[in-house]
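Colleague: Sequence:
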Amino acid sequence: MTENTTPSTVIYQVKARDINGNHIIKGSYSDKAQAYHKADEITAQGIYQSVYIVPIDPKTGRIIIA
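The sequence shown begins at 1 in my numbering and counts up by one.
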């Protein structure tokens, strides 16, 4: 039997990768919908090669892999 290790609170970090390969943090949000909205805004600008959202455990600062 496995335990659910997903924390009750998650920070969603919005990151973007520019043409030079630099990964830039564009914002951190506790609300998933708000993070996706920000990612959509950044994507619409057309400046970055990619935009992605990384779930972070605020207690450990580590990426959550589900």
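Because the hints were derived from the structure by calculation, they are not lab data. There may be inaccurate statements among the hints.
[To be verified] Only pairs whose alpha carbons sit at most 27 Å apart, straight line, appear in this in silico BS3-like list of lysine-lysine:
{"no.": "1", "residue 1": "K38", "residue 2": "K26"}
{"no.": "2", "residue 1": "K15", "residue 2": "K59"}
{"no.": "3", "residue 1": "K26", "residue 2": "K59"}
{"no.": "4", "residue 1": "K32", "residue 2": "K59"}
{"no.": "5", "residue 1": "K15", "residue 2": "K38"}
{"no.": "6", "residue 1": "K26", "residue 2": "K15"}
{"no.": "7", "residue 1": "K32", "residue 2": "K15"}
{"no.": "8", "residue 1": "K38", "residue 2": "K59"}
Colleague: Of all the hints given earlier, name the ones this structure violates by number, lowest first.
Modeller: none
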